[in-house]
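Using the hints, position chain B against chain A.
2 protein chains.
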Amino acid sequence: MALCIGSVSFAQTTNVKEDFKPSEVNQPGKAFPQINSDGCVRAQIAAPEAKMVQLDIGGVKYNMVKDASGLWMGESAPQDEGFHYYQLNIDGASVPDPGTRYFYGAGRWGSGIEIPASDKEIYALKDVAHGLVSELNYFSVITKAWRRCFVYTPPCYDKNLDQRYPVLYLQHGSFEDETGWPAQGHANLILDNLIAEKKAVPMIIVMDNGYAFKAQDDAAGARPAMAFEEVMMQEIVPMIDARFRTLTDRKSRAIAGLSMGANQTMRIAMNNLGHFAYYGGFSGTANYPSASELNAEIFLNGAFNDGKKVNEQLKVLWLGVGTKEPEPFPGSIGAFRNMLDKQGIKYVFYQSEGTEHEWLTWRRSLFQYAQLLFK
Amino acid sequence: MALCIGSVSFAQTTNVKEDFKPSEVNQPGKAFPQINSDGCVRAQIAAPEAKMVQLDIGGVKYNMVKDASGLWMGESAPQDEGFHYYQLNIDGASVPDPGTRYFYGAGRWGSGIEIPASDKEIYALKDVAHGLVSELNYFSVITKAWRRCFVYTPPCYDKNLDQRYPVLYLQHGSFEDETGWPAQGHANLILDNLIAEKKAVPMIIVMDNGYAFKAQDDAAGARPAMAFEEVMMQEIVPMIDARFRTLTDRKSRAIAGLSMGANQTMRIAMNNLGHFAYYGGFSGTANYPSASELNAEIFLNGAFNDGKKVNEQLKVLWLGVGTKEPEPFPGSIGAFRNMLDKQGIKYVFYQSEGTEHEWLTWRRSLFQYAQLLFK
Chain A
-9 MALCIGSVSF
1 AQTTNVKEDF
11 KPSEVNQPGK
21 AFPQINSDGC
31 VRAQIAAPEA
41 KMVQLDIGGV
51 KYNMVKDASG
61 LWMGESAPQD
71 EGFHYYQLNI
81 DGASVPDPGT
91 RYFYGAGRWG
101 SGIEIPASDK
111 EIYALKDVAH
121 GLVSELNYFS
131 VITKAWRRCF
141 VYTPPCYDKN
151 LDQRYPVLYL
161 QHGSFEDETG
171 WPAQGHANLI
181 LDNLIAEKKA
191 VPMIIVMDNG
201 YAFKAQDDAA
211 GARPAMAFEE
221 VMMQEIVPMI
231 DARFRTLTDR
241 KSRAIAGLSM
251 GANQTMRIAM
261 NNLGHFAYYG
271 GFSGTANYPS
281 ASELNAEIFL
291 NGAFNDGKKV
301 NEQLKVLWLG
311 VGTKEPEPFP
321 GSIGAFRNML
331 DKQGIKYVFY
341 QSEGTEHEWL
351 TWRRSLFQYA
361 QLLFK
Chain B
-9 MALCIGSVSF
1 AQTTNVKEDF
11 KPSEVNQPGK
21 AFPQINSDGC
31 VRAQIAAPEA
41 KMVQLDIGGV
51 KYNMVKDASG
61 LWMGESAPQD
71 EGFHYYQLNI
81 DGASVPDPGT
91 RYFYGAGRWG
101 SGIEIPASDK
111 EIYALKDVAH
121 GLVSELNYFS
131 VITKAWRRCF
141 VYTPPCYDKN
151 LDQRYPVLYL
161 QHGSFEDETG
171 WPAQGHANLI
181 LDNLIAEKKA
191 VPMIIVMDNG
201 YAFKAQDDAA
211 GARPAMAFEE
221 VMMQEIVPMI
231 DARFRTLTDR
241 KSRAIAGLSM
251 GANQTMRIAM
261 NNLGHFAYYG
271 GFSGTANYPS
281 ASELNAEIFL
291 NGAFNDGKKV
301 NEQLKVLWLG
311 VGTKEPEPFP
321 GSIGAFRNML
331 DKQGIKYVFY
341 QSEGTEHEWL
351 TWRRSLFQYA
361 QLLFK
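In the order they appear, the protein sequences are chains A and B.
Heads up: the first sequence begins at -9 in our numbering, then just goes up one per residue.
Heads up: the second sequence begins at -9 in our numbering, then just goes up one per residue.
Chain copies aren't distinguished; within one or between two, either way the pair holds.
Derived DSS-like pairs: lysine-lysine, alpha-carbon spacing no greater than 25 Å straight-line: (1) K11 to K110; (2) K241 to K305; (3) K56 to K41; (4) K134 to K110; (5) K41 to K51; (6) K116 to K204; (7) K365 to K299; (8) K20 to K116; (9) K204 to K20; (10) K20 to K134; (11) K134 to K116; (12) K11 to K134; (13) K134 to K204; (14) K116 to K189; (15) K116 to K11; (16) K305 to K336; (17) K241 to K299.
FYI, nobody ran anything at the bench for these hints, they're computed from the structure.
Pulled out of the complex, with its shape left as it was, chain A reads as follows:
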């Protein structure tokens, strides 16, 4: 009978493995949502008067089924390992699932779920020395707005008061914000674990917000100009160097970003090679979304035209992408790599096996990239 209710319902079919466990990012004490060993998500919510409740995950809406007590339950098809944003739909209202903690992505604070990954140890909370993640509010003169960044300082930072540290500037993607890397990205745990195993140099990581628009004096309806590069170079970097015990030479500064952040930080790196010696593009490049052949003489004002010079200046040029990412990601990254090859520019290319344009790709990218920095 349950199967009659929804056209795409997977609920209560005999194919669902009954080894569901609560998601790791559930609210304290909440039993649902759950995940089984196939990566199926099972949601549950009390909505006694509702006509239709759906689990909306991975671009698919799965009809849930109501029991006699008014409790709705339903399962998704298997999901990729890693972190996913999702929501519930209750009689047409798209709302967060009250069972989960909330994350900023897809342009909203909403539900997230964690499908245990084969390599989840790289971002697990382990009994190693832990760095701090510090929240810093600052007023930006360029944007005439309050902004916020999170700063990871390594475990030894508070002990070795006469030591200075290299800095990685690490950016989120579109419709995300400065909370992405410290929350669902687990940047702090990835570095804690790498530093404990001596696979990464102790470093500071600065995670800011890539959305920055020039304050406008006239409200003539003009679209506000993007100003993230100016905010980064004129406000964020000087503020971090003034407040934290940083090394300030170019060989002690790295920059990286994911998706939109990869695009932004590639521009920032290549426009400011006096300040950065390491670049990482996680699922993105500055030619996004085009897969067309790049002309090195004109792309980014010829920043990659002199391959020998780029090889001298960039100690690491790093690119990564998930094997399941859709276009335009593989195509635009491929076109960029072709240009690098043609110019004889060295780079590292990493593929995250079985992951989409999602956070497991980027956790793995940070894990790989951070090991190459400042060495």
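Positioned in the frame of chain A, the structure of chain B alone reads:
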């Protein structure tokens, strides 16, 4: 017509002042919920197929009204100034409002709203020097569990590397957690502003989680024993003193808490007077919920029996409560004050005008209490 739908609907009555503005704690770009100058809350959500949608705030459910496009809207009665938790009910499902940021309280992550307060300047984000709020994960041997605290370090902490600072241990209430004070409590902004005006001494504030239970070897069904005092004294205080540049004498340590936290921290303070010289109880005391006369000879093992000694040991004994708080708060605090008076113990008593057992009472309490510390 709209008025026919719900028995307690305030929607679209002529009494509602039409000067609504978005709440300060809305998600970026979200126009709803809104608040008018009477403190009425107006919520809005698209739920085209729903039969009944309610705004559930302050213990009252207000029926919302659907327009032709499937958008539901409704208003609450005037709310007290300050911060309130709330939720929406959609055909019987209690869910967060997708318009707001989310806060932990009432035992869940859910919606919050901020009714602008007459004295909101005390916790406003201003153009003054800002301290850091740092997140620290640590493993607790006593509870055999990962725990987390937030640590506020004052603006000068990163500059004056040879200076040590006094510490305030500041606790949340029941069904809240370590995020309460740094998020809805604005402890960092209150201190930033007080320090900028030289009304408070630069201090470190440690905000931990008051729920701590002894790890049990046998699962014989025994209720786990509360272990917060042991965690505080044996794990948190030593960890903070090892990691941060603290002053460690008793006159450089204060402790305070709200509601359940007031009860817990009074016990910790009085059991450990060798470690603390300042106590603050915000809307709570250790005799909660009883309003019965206290016998100083036996209450807390006679900790308040020798009034002269208590006066020597506690440099500040501070109590606060909101004038609108219901029983058992005024009664139990009153009984405690009667005992202090009888024993000749000096204390400060503060009343927050027009506020309930909610965060504006506690923001104001911190604002008052912090000015008296370490002087």
